[in-house]
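Undergrad: Listed below, chain by chain, are the residues.
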Amino acid sequence: MGSEAEEKKVFDAEAASSMMEKLRGSFSSGRTRSYEWRMTQLKNILRLCDEREQDIVDALRKDLSKPELESTIYEIGMLKNSCKVAVKELKHWMRPEKAKTSITTYPSSAEIVSEPLGVVLIISAWNYPFLLSLDPVVGAIAAGNAVVLKPSEISPATSSLLAKLMPEYLDSSSIMVVEGAVPETTSLLEQKWEKIFYTGNGKVGRIVMAAAAKHLTPVVLELGGKSPAVVDSGIDLQIAVRRIIVGKWACNNGQACISSDYIITTKDYAPKVVDALKHELEKFYGKNPLESKDLSRIVNANHFARLTKLLDDDKVSGKIVHGGERDKDNLNISPTILLDVPRDSLIMNEEIFGPLLPILTVDKVEDSFDIINSGTKPLAAYLFTNNKKLKQQFVATVSAGGLVINDTTVHLAVHTLPFGGVGESGIGSYHGKFSFDAFSHKKAVVYRSFAGDASIRYPPYTPGKLRLLKALLGGSIIGIIRALLGWS
Amino acid sequence: MEKIEESIAELRQTFKSGRTRSALWRKNQLRAMIKLITENEERAYQVLHEDLGKHPVEVYRDEVGVIKKSAKYSLSCVEKWMAPQKAHLPLIFFPARGEVMPEPLGVVLIFGAWNFPLSLTLDPLIGAISAGNTVIIKTSELSPSTSSFLAKTIPLYLDSKAVKVIEGGVDVSEQLLKQKWDKIFFTGSPRVGRIVMAAAAEHLTPVTLELGGKCPAIFDKLSKAYDVKTAVKRIVGGKWGPCSGQACIGIDYVLVEEKLAPLLIDLLKTTLKRFYGERPKESKNMCRVVNKHNFERLQKLLEDPLVAASIVYGGSQDEERLFIEPAILLDPPLDSQIMTEEIFGPLLPIITLNNIQESIEFINSRPKPLAIYAFTEDESLRRRILSETSSGSVTFNDSIIQFICDTLPFGGVGQSGYGKYHGKYSFDTFSHEKAVLRRGFFPELKPRYPPWNDFKLKFIRLAYDFNYFGLVLLLLGLKR
Chain X
1 MGSEAEEKKV
11 FDAEAASSMM
21 EKLRGSFSSG
31 RTRSYEWRMT
41 QLKNILRLCD
51 EREQDIVDAL
61 RKDLSKPELE
71 STIYEIGMLK
81 NSCKVAVKEL
91 KHWMRPEKAK
101 TSITTYPSSA
111 EIVSEPLGVV
121 LIISAWNYPF
131 LLSLDPVVGA
141 IAAGNAVVLK
151 PSEISPATSS
161 LLAKLMPEYL
171 DSSSIMVVEG
181 AVPETTSLLE
191 QKWEKIFYTG
201 NGKVGRIVMA
211 AAAKHLTPVV
221 LELGGKSPAV
231 VDSGIDLQIA
241 VRRIIVGKWA
251 CNNGQACISS
261 DYIITTKDYA
271 PKVVDALKHE
281 LEKFYGKNPL
291 ESKDLSRIVN
301 ANHFARLTKL
311 LDDDKVSGKI
321 VHGGERDKDN
331 LNISPTILLD
341 VPRDSLIMNE
351 EIFGPLLPIL
361 TVDKVEDSFD
371 IINSGTKPLA
381 AYLFTNNKKL
391 KQQFVATVSA
401 GGLVINDTTV
411 HLAVHTLPFG
421 GVGESGIGSY
431 HGKFSFDAFS
441 HKKAVVYRSF
451 AGDASIRYPP
461 YTPGKLRLLK
471 ALLGGSIIGI
481 IRALLGWS
Chain L
489 MEKIEESIAE
499 LRQTFKSGRT
509 RSALWRKNQL
519 RAMIKLITEN
529 EERAYQVLHE
539 DLGKHPVEVY
549 RDEVGVIKKS
559 AKYSLSCVEK
569 WMAPQKAHLP
579 LIFFPARGEV
589 MPEPLGVVLI
599 FGAWNFPLSL
609 TLDPLIGAIS
619 AGNTVIIKTS
629 ELSPSTSSFL
639 AKTIPLYLDS
649 KAVKVIEGGV
659 DVSEQLLKQK
669 WDKIFFTGSP
679 RVGRIVMAAA
689 AEHLTPVTLE
699 LGGKCPAIFD
709 KLSKAYDVKT
719 AVKRIVGGKW
729 GPCSGQACIG
739 IDYVLVEEKL
749 APLLIDLLKT
759 TLKRFYGERP
769 KESKNMCRVV
779 NKHNFERLQK
789 LLEDPLVAAS
799 IVYGGSQDEE
809 RLFIEPAILL
819 DPPLDSQIMT
829 EEIFGPLLPI
839 ITLNNIQESI
849 EFINSRPKPL
859 AIYAFTEDES
869 LRRRILSETS
879 SGSVTFNDSI
889 IQFICDTLPF
899 GGVGQSGYGK
909 YHGKYSFDTF
919 SHEKAVLRRG
929 FFPELKPRYP
939 PWNDFKLKFI
949 RLAYDFNYFG
959 LVLLLLGLKR
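For the protein sequence lines, the chains are X and L, in the order given.
As numbered in this note's numbering, residues 1 to 488 make up the first sequence, in order.
As numbered in this note's numbering, residues 489 to 968 make up the second sequence, in order.
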């Protein structure tokens, strides 16, 4: 008995392939393709969010001490919105799109049909373990795929909650959850998928893509990077720093892929920025932020050690101008600001993913763009300014997944904007219709009749055929008539 | 190796200068491309004859004409494509403006193929240039005349600091794949596709893989004799027309009901004779096999005794001239190589079924093809093909033409590849869609910020529901 229960827990290649067989069977039965099936699943996700809100909040508190507001808004609320958009638009998304045909192929009609890819794998992350698991699932379901979700083992409470709730609410013959760490993920990656959607870091992203290459599986990689916030002078500084704070510490204590990683501002303006940050931080989190209930903790001891190492780097330990307090037992680090850190320090050479905010200073604000462009392309870049020319220059020269002017992170909530990285920050995008497209194949369909068969297409080839062909491909009606009349 | 690194460094420098981003640069390059292909048309006929024995009409139809059409289309649309697309924003973000802005990826690598060595090299290039990238083109060494033609001619017409041609074999490709690119566009086989993608993974480089597969043609009964004849012409045109079957979207095999097979074979024979004469070997209208290696590969497919026994027409070989006569095979064993591998040559197996509806299952039990062709009047069969099979494209009652439709995405799925191009899709393939959100500083919604309390939670909940009326009530203190 005991050994049987233990055996069940091992998810090896064999278990993976038998699961795949089941999913393939269910996908090829065609059930996931119907509008009704997709709709039912989406509505059930909504129901799950409503009925189990407290369970989800509790799990997130266990995993990350996430404040209730952050959980209900950024995880559950965002997911519900995403579901609602899909429910509202699904019919529209599924409809074939008419394509214009040219005189060359006349008479014909053409359309682009969105079809599901098949059985897809979603590997999600620990920082928004609920949203980042189910948001891609919404896209995969909307597009009519069978899905396996592998939640992150680093947020175990949410992972096991998902494993428990999803079979209760969703069609368990087509949507499955596999819990586990590296060995389980490895077994999963050995299988042949029609798409792999991964949220996480570049190191694992490379492993995922290399594994996908064996089966020619397309991938979406949602990675991170060092997302900068450029702060120009002459702005409403209070509002600007609030918007930076809310996108940094109020987003899972900086453990978010689109949080500002560092600030760039001018030498002259930097002291003002630091003062404003300190002032607003104190208003938000009180005099002793280590005790604030409104901040998430660091996810685990490994990450705590990683972050403290960044702070203890000789190059920056003297640069802390605010915060820096730690509580190892409770895995807390207070909001920390570092001024004028050297660019070759540890903290400036990896994604921080935590409550530390370094500030780089430049002589002229325009120099910031060179700094950003000299590094790898970030997932997001932010600019606070009233200067129109600077905005233009920013949009034209800075390459990042997304840009926001005069705010941070809010683009994530706009479903009409594609969310995804470029270069080191990832491949592919999602949200709204982009999620549906990420999990669909766009099939080109041409309808022809047998009328109007032009013999010029076929051999034996003659100079006359060549002339007519030139006219046809050129789309020039006069040329076609001339060629047909034998004039040219 | 050093030369490759130098070239890439130069392209990075050019890209960094921002020159390739302007609409003017892109349009000038497209114009230069049209000029290149127009002024060198005769030369193109010559090199393609050398490499593949391609007839000028075929060269025009499948290569020169395609490039011209494609470049002209991009030229007329590129400015429209470059313009940022407005994105609708919910009222809660007011005042704000959202848009999706396409931006070039950077330095991209394009691998051309040997079967359509002009169009499959230059068509992706048109996309890369339209999107404002700098490009290295690796031409296929298996079509050496076209390769050296491109290497010599492209620098004379296009901005040589932004577009470079590198010639060479496997060793050069390997060196190229070690470099860091912002995109790799590959046309070729699934085997090499895997290598390309695995190499790309090292640098997280996105790839487009244009592969092939066994594209089936479903031949159903048609009520009118004229339609039957036309359908057969289109099958012959879709098999031997493009490069003598050496085409990724060429028909690989035909599925037909048993009772219809004799008629199909008869018509195929007469059509073949009409198109290529009694002695196709002497016809100038048909390409030869590209090289000895591929000739031997095809020869081997036919050597299997059970396959050899299934030949009902043609198949004679002239090793010296690398020519294989169009061959029709009736029901070769399904586990023979000719039915498990992409044929990529002038051999056409005909597979008989009891009922044409079985073709759905037949296709579904094999890897997803790049294209499915179906000649049928049966509306329910059409619907089944569309919704129950998966392929890059489906064309009813014709073959190949989906390739020249700029408004349709061209690309595979599963084994036949991923990513798509042609027209706007080419532009998108070489662009990053950057989300841009612009906000003002006012009005400022206080409940966005900690410390959190119940009022803020309620407020944000309503905001997320876009429940503006509820928000007003809440602010007025009328809602609990």
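Since the hints were derived computationally from the structure, they do not count as laboratory data.
There could be a bad hint or two in this list.
[Unchecked claim] Think about it this way: if two alpha-carbon atoms lie no more than 27 Å apart in a straight line, the pair counts; the simulated DSS-like pairs of lysine-lysine are:
{"#": "1", "chain 1": "L", "residue 1": "Lys-934", "chain 2": "X", "residue 2": "Lys-98"}
{"#": "2", "chain 1": "X", "residue 1": "Lys-283", "chain 2": "L", "residue 2": "Lys-523"}
{"#": "3", "chain 1": "L", "residue 1": "Lys-574", "chain 2": "X", "residue 2": "Lys-389"}
{"#": "4", "chain 1": "L", "residue 1": "Lys-574", "chain 2": "X", "residue 2": "Lys-433"}
{"#": "5", "chain 1": "X", "residue 1": "Lys-88", "chain 2": "L", "residue 2": "Lys-934"}
{"#": "6", "chain 1": "X", "residue 1": "Lys-203", "chain 2": "L", "residue 2": "Lys-668"}
Undergrad: For each hint, tell me whether it holds in the structure or not.
TA: Comparing the hints with the structure gives:
1. Restraint check for Lys-934(L) and Lys-98(X): the C-alpha separation of about 46 Å exceeds 27 Å, so the hint is violated.
2. Between Lys-283(X) and Lys-523(L) the CA atoms are separated by roughly 66 Å; this puts the pair beyond 27 Å, and the hint is violated.
3. In summary, the hint linking Lys-574(L) to Lys-389(X) is supported, as the alpha carbons are separated by about 20 Å, within the 27 Å threshold.
4. A threshold of 27 Å between alpha carbons decides the hint, and for Lys-574(L) with Lys-433(X) the separation of about 15 Å falls inside it, so the pair holds.
5. The hinted pair formed by Lys-88(X) and Lys-934(L) fails the criterion: a straight-line CA distance of about 30 Å is larger than 27 Å.
6. Under the criterion of a C-alpha separation no larger than 27 Å, the hint pairing Lys-203(X) with Lys-668(L) is consistent with the structure, at around 16 Å.
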